[in-house]
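Protein sequence lines, in the order shown, are assigned to chains A and B.
Numbering-wise (the working numbering), the first sequence opens with residue 143 and increments by one.
Numbering-wise (the working numbering), the second sequence opens with residue 1001 and increments by one.
Derived from the structure by calculation, the hints contain no laboratory data.
Note that beta-carbon positions come from the ideal geometry of N, C-alpha and C, so glycine has one too.
Worth double-checking, as some hints may not be accurate.
What the hints assert, rightly or not - Label-pair restraints from in silico Cβ distances:
| no. | chain 1 | residue 1 | chain 2 | residue 2 | range |
| --- | --- | --- | --- | --- | --- |
| 1 | B | P1218 | A | A539 | 49 to 59 Å |
| 2 | A | L200 | B | N1357 | 29 to 39 Å |
| 3 | A | P222 | B | S1334 | 53 to 63 Å |
| 4 | A | T159 | B | V1038 | 28 to 38 Å |
| 5 | B | S1346 | A | S208 | 47 to 57 Å |
| 6 | B | P1218 | A | N227 | 45 to 55 Å |
Claimed, not checked - Here's a subset of chain A near chain B, in silico, CB distances under 10 Å, partners left out:
| no. | residue |
| --- | --- |
| 7 | M519 |
| 8 | V531 |
| 9 | Y562 |
| 10 | L582 |
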Amino acid sequence: MTGAALTLKNVAVRFHTLDGTVDAVKGVSLSVNPGETLAIVGESGSGKSQLMMAVMGLLASNGQASGEATFDGKNLISMPKAELNSVRGRRITMIFQEPMTSLDPLYTVGDQLREPIMQHQGLPAAAAEARALEMLELVRIPDARRRMSSYPHEMSGGQRQRVMIAMALANKPEVLIADEPTTALDVTIQAEILELMADLQKRLGMAMIFITHDLNIVRRIAHRVAVMRHGEVVEEGATATIFSKPVHAYTRALLDAEPTGRKEAVAANAPVVLSGIDTRVNFSLGGGWFSGPKVVLRAVDRVSLTLRQGQTIGIVGESGSGKSTLARALLRLLPAEGAITFDGRSIAGLDAAAMRPLRRQLQVVLQDPFGSLSPRMTAGQIITEGLLVHEPGMSAAERDRRAVRAMEEVQIDPALRNRYPHEFSGGQRQRIAIARAIILKPRVVVLDEPTSALDRQVQRQIVELLRDLQKANGLSYLFISHDLAVVRAMADHIMVLKDGRLVEEGPPAEVMDHPQDPYTRRLMAAAFASTTSLERLS
Amino acid sequence: MTDAHLPSPAAGRSLWADARARLLRNRAAMVSIVYLAVMALACIFGPSLVPNDFTTIHADYTRVPPSLSAYPKAEGIEAALKDALRRARLDLVAWKQDGSQLDVTVASAKPVDPRSVRYLDRSDVFEGTTVRESAADGLTMTMSTQVQHTYFFFGTDSNGRDLLQRTLVAGRVSLAIGLLAGIVAVIIGVLYGASAGLIGGKTDEVMMRIVDILYSLPFIFFVIMLVVFFGRNFVLMFLAVGAVLWLDMARIVRGQALSLKRQEYVQAAEALGVTRAGILVRHVIPNLLGPVVIYMTLLVPQVIILESFLSYLGLGVQEPLSSWGVLISQGAKSIPGAQWLLIFPSVFLTTTLFALNFIGDGLRDALDPKDR
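Given the sequences, and given the hints that come with them, work out the whole structure.
Below you can see the structure in the form of structure tokens.
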């Protein structure tokens, strides 16, 4: 294609690992034109990020790229490093997922913006300073002049991502590669960043490659979409076409992956399992010998909650709104004030030893399926650890039998119970974490963002699994999530938290479709805007 | 219910297995491991294979240079003969060598006492001396003796002791101190540091302040004090070294434990109601072991160096036992005349330290999960 900003022809990426070679990308051909946004969609492991890393020459040391990536008449993949450096960072730039770690904490934002400008454009310091300021204003950072001398930790995640965008755009690149730039952000901020990127792309006329696993985002921002799976492009086409007439079965499955279904509300007289009245959690910061006066942070401020048998309460809110803290306080994993009752019995004053027998009834599944399983234990050991505590007399054979049963319940092949966590996929690990919780036959399970780290399709399977388990065992869930689509499919009661306070609560139909509070309204608008944004593009 | 039959579990590949595979591919580390194993075997079994005892003083072979051929050398025999006969107040008339058989004719102003063969036997060079024939006047006598061949591959020290044997015996001491003190430091350090990190709060504060206080004691002072009170001995040596080096270990482990404590799997275990001891044993310590193993391989050379340093200062092990540090110290003093006394122990020490450091590096690469 003539006039394309970047053309990939038969690009393949191969990794040499201990288990032999792995073909991460198997011959991908794509092109992106100036002024166009191409979205590359696929689940984790589909090779979408490695493809772009190969183009930028950023592969890990055991990776090897082949094929052609033509930019300005030259092949980037075979280019020597010195020459490549004059292209990347200047004419092709990249934005990464993690705004917390992509900025150097030791330098001010201004320093970090100035440096690439001076290096690539050869501007003197004063001119670079002016250009840096201009860039910060371009990405709409309020009070840009003052922000130039801020350090990254003084900024929020969204602002940091704006700085990253400013850095990427400072040298007027012809191609911008964005690798999941909004995944780590809250929905409201995500919406703002996407809008900003779409706007900047239109104004600056560059080509943009947008890597994501989230189809909602694609709909908002991309002109064309390439769907990747197992290192290959399975389908490519205009966004509208892909969404209205998907051809490949995998694309259809991806589009269909939104969790569906609603949960019926429980009877109003169902027995109350867990309740907290006026729960408060304060963290005091500082207050050591040399660290000055204490600062008290109210993480949870007078929130009341009643969980009935079989009920699922969805707790939503941005990061830092106190969702997880509230749930942990109710399970007495954190010191809290206020009355907490479980099964009609006050548990607020119990110490760790007195809580221990109750722990089997109050279980928790955590967000990160990578972090929540000890890497040195086998799946079987992890699942049965609770039995060691609560049924110390049980024989090893009996524990093994229980592990097999629990694994069958969460639909993992029990033959894999001697495998270690790193040998499982993200979804399987989350199933192991769920098995660990349900093997004790608990009554309440706190699900702390159990689906956030998973791909859409896997998310949907986990949601279905959780619902089935609830039905079979009469579980009550506290479901914490910032993903409103999942909450809607899971919960029969929703609580919206902001800054540790309860903003609004009620059945999903009310809270989601007719939000009363302005904050809730903003949250819902950001989360469900995708359906209306198609028109904006055409 | 599937109680009837349990599917037989598929084997898993643990992180340790992964690390081992990575280590096996690291050539420098593997060579070092083999080298260290050979060194350890040589130090353990070598002394019983080398004919000379490490305490034996060969008065006739003081400071002989290393040689692959046996002592005495041809030119050394006459000197040794003269030396022995001078003590017996006899004059050498003639001597003749036939293989290891030596016929010596001696003369004297007074009749030669047949018991003077002992003077020859007393030397390290000859043995089994007998009187072959005596002249009628008794003033000359022919003795027959065997030349005793001894090998000194590494030469001998100023007292005439076999350096090879001494180096190997010293290696035993150095490696044993390194290993024992290393293990002492690791055990104390891991338990102390992990407990402090895991319990946290006031307990952690108090425990770590104790470490700070111990840190501030000057090490040499501490050792001199121990030596003054308890005298010099082997066990004390590694107690002293181990007692100081666990402090580093405790700090490292505490830091690791603090970060492990925030891992979600520890939180999950807390939510399961697992006791603190259970969390320590099942979750924290297994996950700590990676850095601990690495640190330990780097700690052992540190201990060996410390021991050498103390021995160099004369606070180490007692003669006739020695360590590489002691040998190096002695070798350094005799450098103008006998370089081999410094060279051999130094080569042994430095190559061992090299190997240990390579192994440490290899282990770090192998256990570092970032590689994945």
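Tested hints:
{"no.": "1", "hint": "B:P1218 x A:A539: 49 to 59 Å", "result": "58 Å, holds"}
{"no.": "2", "hint": "A:L200 x B:N1357: 29 to 39 Å", "result": "32 Å, holds"}
{"no.": "3", "hint": "A:P222 x B:S1334: 53 to 63 Å", "result": "57 Å, holds"}
{"no.": "4", "hint": "A:T159 x B:V1038: 28 to 38 Å", "result": "32 Å, holds"}
{"no.": "5", "hint": "B:S1346 x A:S208: 47 to 57 Å", "result": "51 Å, holds"}
{"no.": "6", "hint": "B:P1218 x A:N227: 45 to 55 Å", "result": "51 Å, holds"}
{"no.": "7", "hint": "M519", "result": "7 Å, holds"}
{"no.": "8", "hint": "V531", "result": "5 Å, holds"}
{"no.": "9", "hint": "Y562", "result": "5 Å, holds"}
{"no.": "10", "hint": "L582", "result": "8 Å, holds"}
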